[in-house]
Structure formats: C-alpha cells, structure tokens
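Participant: Residue numbers (my numbering), protein chains in the order written: chain A, 1 to 272; chain S, 1 to 103; chain R, 1 to 155.
Derived from the structure by calculation, the hints contain no laboratory data. Please note that a few of the clues may not be correct.
[To be verified] Capping the alpha-carbon separation at 27 Å, the derived lysine-lysine pairs in BS3-like fashion look like this:
1) Lys-74(S) / Lys-19(S)
2) Lys-65(A) / Lys-80(A)
3) Lys-138(R) / Lys-54(S)
4) Lys-29(A) / Lys-147(R)
5) Lys-98(R) / Lys-32(S)
6) Lys-122(A) / Lys-67(S)
7) Lys-67(S) / Lys-127(A)
Computed from a prediction, not measured in an experiment: that's the story for all the values here.
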Amino acid sequence: MMFQRLLVTLVGGAVLAASAGSALAQDSKVADELAKYRDALADGNPADLLEVKGEGLWSEKRGPKNASLEQCDLGLGPGKLEGAYAQLPKYFKDTNKVMDVESRLVHCMVTLQGFTQADVTKQWYSKPGKESDIEALVTFIGAKSNGMPINVPATHPEEAKMARMGEYIFYRRSGPQDFSCSICHGQEGKRIRLQDLGNLTTKEGAGFAMKTWPSYRVSQGAVWTMQRRLIDCMRQARWPEPNYLADSIVALETYLQKTATGTVMDTPGIER
Amino acid sequence: MGNPMKIRAANKDGVTEVKVLVSHEMETGQRKDSAGAIVPAWFITELIAKHNDKVVLASEFGPSVSKNPYLAFKFKGGAKGDKIVVSWKDNKGDTRTDEAAIG
Amino acid sequence: MNNQRRNVLKTGSGAALMGILAAAGIIKPGMALADWNKAAFDAKSMADTLKALGAASPADSKDVQVTGPDIAENGAVVPVGVSSTLPNVTMVAILIEKNPNALAASFVLPEGTEANVQTRVKMGQTSNVYALVKSDGKFFMATKEIKVTLGGCGG
Chain A
1 MMFQRLLVTL VGGAVLAASA GSALAQDSKV ADELAKYRDA LADGNPADLL
51 EVKGEGLWSE KRGPKNASLE QCDLGLGPGK LEGAYAQLPK YFKDTNKVMD
101 VESRLVHCMV TLQGFTQADV TKQWYSKPGK ESDIEALVTF IGAKSNGMPI
151 NVPATHPEEA KMARMGEYIF YRRSGPQDFS CSICHGQEGK RIRLQDLGNL
201 TTKEGAGFAM KTWPSYRVSQ GAVWTMQRRL IDCMRQARWP EPNYLADSIV
251 ALETYLQKTA TGTVMDTPGI ER
Chain S
1 MGNPMKIRAA NKDGVTEVKV LVSHEMETGQ RKDSAGAIVP AWFITELIAK
51 HNDKVVLASE FGPSVSKNPY LAFKFKGGAK GDKIVVSWKD NKGDTRTDEA
101 AIG
Chain R
1 MNNQRRNVLK TGSGAALMGI LAAAGIIKPG MALADWNKAA FDAKSMADTL
51 KALGAASPAD SKDVQVTGPD IAENGAVVPV GVSSTLPNVT MVAILIEKNP
101 NALAASFVLP EGTEANVQTR VKMGQTSNVY ALVKSDGKFF MATKEIKVTL
151 GGCGG
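Please put together the full structure from these sequences, using the hints given.
Facilitator: Set out below in structure tokens:
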C-alpha cells in the first residue's frame, strides 16, 4: 500500500521536478520519510484495539431488548460477517432502501437491541475521551472482509440508481467555491500540500482509496469510517455538511465501491 | 477498567517476539477540555509482561508515552502455546491483565 | 482471560489491590507502584533525569541505537525504540530532550530478554531523542533527532 502511494508521489514528483527544480525533490523526500513513519505504525495499528472492542460489542447483550447483534443481517444473512463489508452498500428488501454498513448497523441496533436512532447516532464518531461504539463495530465488521475483493456491481435497479446519483454528485460543481469532488479527485498525480489525492474515477484509484477504510488517521489520532471521511470531504468542498447516514453519502459510497469493485480489502488502514 | 489489550506473540528460531497494544487514554495532565478545564493526568505507570510465570519485561511509563501504548520486545525461549500475560497499572490505581498464547 | 480474576481486578483498589495482585502472582512485591521512579519522571532537564536514574554521565556508544523515523507526521504518536549490541543489558530508557519531562519510559530487561524495545511516544516539538542503556552495570547513550511536522491542519 505504501509502495503504491510512494510510486504516485515519485512519478508525479519526477514529472513536475523537471520544471520546478529542487523544492519538489525535497517534497518527495519528505513524503518518503512520512511513508516510512506510517509504515512503522502499521504494525500495531491503534485501530486494532477498536477491532477487539467492536468484537466484544457485537456479541454483548445490550439495549432495552437486552440482545446482541449476532442476528444482524448485513446483506449475506443473519450473523454472516465474512465479506459483508466488501459488498456494501446494497439494496435491502426489509427497509426498501440501499444501505451502507453504517446505516445497516444502526438499523440493527434499533430493531434488534431496541435503541432509538437518536441514541445510537449521538456519538457516531469519537471525541477525545469519548469513544464511539459505531466506530468500534464498523472497524470490527470491516476487518471481517480483509483479503476479500470489494464487490458492489450495483445491478439491482435501486443500487444502480444510487450509483448514478453518486456519480452525479461526484462531478457536480456547487457551493460558494464552485467545487466538485472531481476537481480534487478526478486526475492522476494531484496533490494538496503533501497529500496525494488519487484519481477516484478509475478502478485503481478508487480501489486504493476504498480498500483501507475504516482507517486510522494519524493526523487525527482516531479511526474514521467512510461516512466520516466523505462528510469531511463535503466540508472541504465547502458544501453544506450532510447529516450522518444521508442518502447523498450512501450514493457516493455506492459509486466509489462500484468503481473499486475487484480490489482486495486491506483494513483497518493507516492514513494521514 | 478499560478495554482489552491486543497481545501477539510469535516464536521464531528460539526467540519469541511479543507485541502489545494497550487501550488507555494516557492523559498528560496538560491538555484542556472544550470548556478550558485541565484534564487531569491519567496514565499507565507500570506494565509487566510474563512468560508463563517468569517476568520478561518490566516497564515504567511517564505520561509522554502515546495514547494506546504500543510495545514490542523479544526474549529467548518460549514455545508455541505458552502463555504470555501482560498486566498494567495506572496512576489512579486501575489495573488490567490480559493474556495470549505464543503462536 | 479468567473471568474470576478479572472481577477481582475490577473491584479492587489502592493498597488492597496491590496485595491481591501480589497474591495472585501478577506483580512481584518489588514492582509495586512505590517503585515507580517519580523523581526521574518528574525531572525536567536531561541532566536531572539522568541523575535520578543513577546515570549521571553516560558514555556515548556506537553500539546503542535509537530507532525511529526522521520525520513524524503527528507528534502525538512517534514510533521510537532502543536497541543495543552491548553485553548484559539490564535496563534501557527513552528520553526526549525538549519534552516538559525528558523521561518517556524505562524498561528492566531480565536475563534472556533482548536489548531491543520499541514503543511510541509523544513529542511536543522537534527534538533529540536519547536511548540510555545499562550494560554490565555501566551507562551508555545514543541520540537521534526526530522532526515533528505541524499537525492539526485537519483534512
């Protein structure tokens, strides 16, 4: 994973360095060192602790109904976790909706355990000193797809609709800066400061991005789920921030997972 | 009481490598919360790893060890299936013990 | 883990707990909190810390290494380690010169444990990181500068 990222940096760096001289050569040396730094954290990824915690939460009887999540159907049948994350988002008959891993998990916590939606989603991400059950559960569920290929063909009409909606949102320019996702993520070799942004419109680019989430973000000292990643990118695009579990986020995920289909999952990852 | 640790131990060529990831906030006592109040120091002071009943590492930490402390070390000996037991204790007197088998 | 023992640990506290832990063989009496080297962890400067560790003037040694990246992206999580090829290493410690308290961690290595310990520390700013090693009763030291890039710019 680091190798690929490095390669992008080096290739991009080399092309630009020819015209811009040593500042960029310096940049890519720094990027090189930072890749080494992240590699050093990969063994003993702090996200591994959340995975262990999520495993406990999954089987613990909790909520007003004093039930575990072991009967939760993430798309492959009740309690089937292996490979479930890699084939989400997906259309679910019982809710008549395309759901991603987080909306489905919340659905299970509400229906199986008897929590209210508001209760469950109040702490959908962690803050210093305040852990998030959702973060832990998603990290655990994600890791159960490790080594399996992302598989979101989006063949069901509702899924196809979501994927098209996601693609539309990806390219649509709006907001005060007239930004779109594609402005930052639609070309090879684009960078902000030292971050490679990746081309999310190709299988390689989308696969490289999607396969590592949920991911431990070094700069945040926390694990981020894909919902959090995308909601934050909407903020970066200076768009109004959508609500947690909003259809627009699920649509973008469907589009990105469809594009990434075939890429083998490698989560929890380490990101900047 | 805290969350479980993640302990991995593997023996290769007669040397056992142990990697421990501990769930702990490791507050320095210098951070302020959103209301501007100092968050009191809260950190692991001691961590001991044992192979069966023998201590193989005794650590003392200050608050500048990172949140969710990580430790990796190696000792001679150890066989597949042997127990590695890790215990910590923090400055509030809280403790936790977890164990894993050498793989 | 044994549930009963977990419950014992959960309910115990303070001195009573130490007794229980000692009885359960989890800690040896000599490793109780009283032994935590408060003077060394409270010391601010390198010199005071070394003194508190009983290592007033360690010799520089090429046989001691500080492992770690040249640059850390987030000063809150900096992977560092100590390794040494010196004989009979019984103690190693990691010190960060520019932190409010220099000593980050120290390790007692019983016989059979290799002089090679990796951990992660917080660094407030770019600083020299020192590895201190006690070999055959004498102290040796090595250093490496680790740069901390400014964190906290979101993204």
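Participant: Indicate, hint by hint, whether the structure satisfies it.
Facilitator: Comparing the hints with the structure gives:
Between Lys-74(S) and Lys-19(S), the direct Cα distance comes to roughly 9 Å. Compliance with the 27 Å bound is thereby established for this hinted pair. Between Lys-65(A) and Lys-80(A), the direct Cα distance comes to roughly 21 Å. Compliance with the 27 Å bound is thereby established for this hinted pair. In summary, the hint linking Lys-138(R) to Lys-54(S) is supported, as the alpha carbons are separated by about 25 Å, within the 27 Å threshold. As the CA atoms of Lys-29(A) and Lys-147(R) are separated by approximately 14 Å, the hinted pair is consistent with the 27 Å bound.
The hinted pair formed by Lys-98(R) and Lys-32(S) meets the criterion: a straight-line CA distance of about 21 Å does not exceed 27 Å. Distance hint between Lys-122(A) and Lys-67(S) is fulfilled; the C-alpha atoms sit about 24 Å from each other, no more than 27 Å. Pair hint Lys-67(S) plus Lys-127(A) holds up; C-alpha atoms about 13 Å apart against a cutoff of 27 Å.
Every hint from the earlier list agrees with this structure, and none is contradicted.
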